[in-house]
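Engineer: Residue strings, one per chain:
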Amino acid sequence: MGYVAVTAGEELVERAEQLFEKQRIDDDSDDIGVDQIEGQLGRLTAQAMSEGGLYAPRLAALAIKQAQGDTVEAAFLLRAYRSTLERFDETATADPAEIIASRRVSPAFKDVPGGQILGATKDYTQRLLDFDLADDDPEDPTAEWDLDDEGDPERLTNVTELLREEGLLHEPDEPMVDEPNDTTRESVTYPPERDEVLQELARGETGAVTALGYSALRGYGQVHPTLAEVRVGRLPVRIEHPYTGEEVTVTHTEVTESEAVVPVYEKREDPQFAFGYGLTFGRNERKAIGMTVLDASIQLDSDDEPAENAEFVLDTVDGMDSFGFIEHLKLPHYVTFQSILDRIRAIRERKGLSEGGRIETGEQLADPAVAGTSDDD
Amino acid sequence: MVDPHDRSDRFELIAACEGATLAQFANDVLEGDPPLSVRQEPRPQLLMQQVCDPVERRPFNLGEVLVTPAEVELEGTRGFAMVPGKGERAALSGAIVDAAVAAGHEETPAIVAALEDVAAREREQRRQDWAQSKHTAVEFETMEGQE
Numbered sequence: 016m017g018y019v020a021v022t023a024g025e026e027l028v029e030r031a032e033q034l035f036e037k038q039r040i041d042d043d044s045d046d047i048g049v050d051q052i053e054g055q056l057g058r059l060t061a062q063a064m065s066e067g068g069l070y071a072p073r074l075a076a077l078a079i080k081q082a083q084g085d086t087v088e089a090a091f092l093l094r095a096y097r098s099t100l101e102r103f104d105e106t107a108t109a110d111p112a113e114i115i116a117s118r119r120v121s122p123a124f125k126d127v128p129g130g131q132i133l134g135a136t137k138d139y140t141q142r143l144l145d146f147d148l149a150d151d152d153p154e155d156p157t158a159e160w161d162l163d164d165e166g167d168p169e170r171l172t173n174v175t176e177l178l179r180e181e182g183l184l185h186e187p188d189e190p191m192v193d194e195p196n197d198t199t200r201e202s203v204t205y206p207p208e209r210d211e212v213l214q215e216l217a218r219g220e221t222g223a224v225t226a227l228g229y230s231a232l233r234g235y236g237q238v239h240p241t242l243a244e245v246r247v248g249r250l251p252v253r254i255e256h257p258y259t260g261e262e263v264t265v266t267h268t269e270v271t272e273s274e275a276v277v278p279v280y281e282k283r284e285d286p287q288f289a290f291g292y293g294l295t296f297g298r299n300e301r302k303a304i305g306m307t308v309l310d311a312s313i314q315l316d317s318d319d320e321p322a323e324n325a326e327f328v329l330d331t332v333d334g335m336d337s338f339g340f341i342e343h344l345k346l347p348h349y350v351t352f353q354s355i356l357d358r359i360r361a362i363r364e365r366k367g368l369s370e371g372g373r374i375e376t377g378e379q380l381a382d383p384a385v386a387g388t389s390d391d392d
Numbered sequence: 059m060v061d062p063h064d065r066s067d068r069f070e071l072i073a074a075c076e077g078a079t080l081a082q083f084a085n086d087v088l089e090g091d092p093p094l095s096v097r098q099e100p101r102p103q104l105l106m107q108q109v110c111d112p113v114e115r116r117p118f119n120l121g122e123v124l125v126t127p128a129e130v131e132l133e134g135t136r137g138f139a140m141v142p143g144k145g146e147r148a149a150l151s152g153a154i155v156d157a158a159v160a161a162g163h164e165e166t167p168a169i170v171a172a173l174e175d176v177a178a179r180e181r182e183q184r185r186q187d188w189a190q191s192k193h194t195a196v197e198f199e200t201m202e203g204q205e
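So the sequences go chain by chain: A and B. Just so it is clear: in the first sequence, position 166 is 181 by our numbering, and no numbers are missing. Just so it is clear: in the second sequence, position 9 is 67 by our numbering, and no numbers are missing.
What you were told as hints is all true, and nothing was included just to trick you.
Label-pair distances were calculated between CB atoms; the ranges are: (1) Gly134(B) - Gly260(A): 15 to 25 Å; (2) Thr259(A) - Gly90(B): 23 to 33 Å; (3) Thr200(B) - Asp43(A): 51 to 61 Å; (4) Leu162(A) - Thr200(B): 22 to 32 Å; (5) Gln82(B) - Thr22(A): 49 to 59 Å; (6) Gly90(B) - Arg170(A): 42 to 52 Å; (7) Gly90(B) - Pro156(A): 44 to 54 Å; (8) Thr136(A) - Asp175(B): 30 to 40 Å.
Here are a few chain A residues that face chain B, going by a calculated C-beta distance under 8 Å: (9) Arg73; (10) Phe103; (11) Ala109; (12) Asp167; (13) Ala217; (14) Tyr258; (15) Glu261; (16) Leu294.
Mimicking DSBU-like on lysine-lysine, the simulated pairs with C-alpha atoms at most 30 Å apart in a straight line are: (17) Lys137(A) - Lys80(A); (18) Lys37(A) - Lys345(A); (19) Lys80(A) - Lys37(A); (20) Lys192(B) - Lys137(A); (21) Lys80(A) - Lys144(B); (22) Lys192(B) - Lys125(A); (23) Lys144(B) - Lys37(A); (24) Lys345(A) - Lys80(A); (25) Lys137(A) - Lys125(A).
If you are wondering where the hints come from, they were derived from the structure by calculation, not from laboratory data. Here a beta-carbon is modelled for each residue, glycine too, at the ideal position from N, C-alpha and C.
Using the sequences and the hints given, assemble the complete structure.
Structural biologist: Right under this line is the structure:
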């Protein structure tokens, strides 16, 4: 595809930007605060952080305000910001078993150790518009709860460990590695390592991860998992203290984790379960589950179905890549289009179809005689 | 039990402390104009959060976490702090507070008391969060054979 530089008045570009900003403030309501976005629109900030690959709740809220609610644009702003920063270090490797869970459900095991904890969710209620929310008069519906006798916080046993203890978990062949590849610094090469797959899926665009995961469930794939558990909670961020050398906790990131069991039948003498895994920043169960399906699908390493092809999946799910490529189509392509016009005119002329010598409308381009010539390119 | 006199514990409590509280203590410490040098300017930086994939038990990069670290030397004693997010003032104040406690500055009792309050608040918040979640614990019943 050919590109050519074009110029336009800088002032006009600024005016267009000013008009965009005016749209945000052009009504009679109060300016929405970054605190409000961070505090009340946690799903939006979670999505922006997850896709931006940067955990920074307040800046995510700022990015959402700036992007007027466009999460991919907000994620883009976060990635642009992170590209200006130095990296202090990698954290100590966290074990997901350390998650301080606020919600954990296991669709696979009814009597899971630690119990089924619904947490904050509307999964089991009807999706009806709540007109009371229009009144701007919030009340705490949990105000009357008696919370005195629930005991101290517990760490919940990871469900996969239960299967591992029974020998039902398919143990991987590859040896454990210490240092994962970082796809933000080195591009993925194919076939990718599993740690690269997980990193890329973790910052994939929510809709894309959901859609490709769904494709496998719809029959364009062989993976139809049972979820071992879905968890939402806080994961510690630890570094080695520069003076004491001890691991210390800087903060916690809110994460969503999903694990799926997938039967492995090819080892017929020893049938076991394979697993898919999903972990994302923030509360985003749909994406974590989609990631789980894609992780399990990619392990099949097949070109037969889109979701099982690592290159197809990883090249498609990155929101920044798709955002950039789709949106760049809006930029001037005058030379490209002129060359297409010239080619079509030449073909029409060669075939004696060129009466006026100009193609002026879309209807003419859709003429069957013209459309039929496109295969000659 | 966390101990604000312990450097590792103090680091965690400073990271969880309100920026305004840290700034107030830092101002109190600097009131006598003690010699202070900034060894590491407070600037937002990144930590790559690594997680162990429980399936293959190998680490992967989940994503980066925004933090602000700072390091100072106060009257010959070094202090280091790191706060979550973009918080230059809080990080610098935290490093001064860390150095002050390490040096046994006269503000130490007040700082230690404030950090103990932070620890208590964190414990209570965690207990309350857990209690809320436990309030939604459910036992699913299968309905096999029921029409």
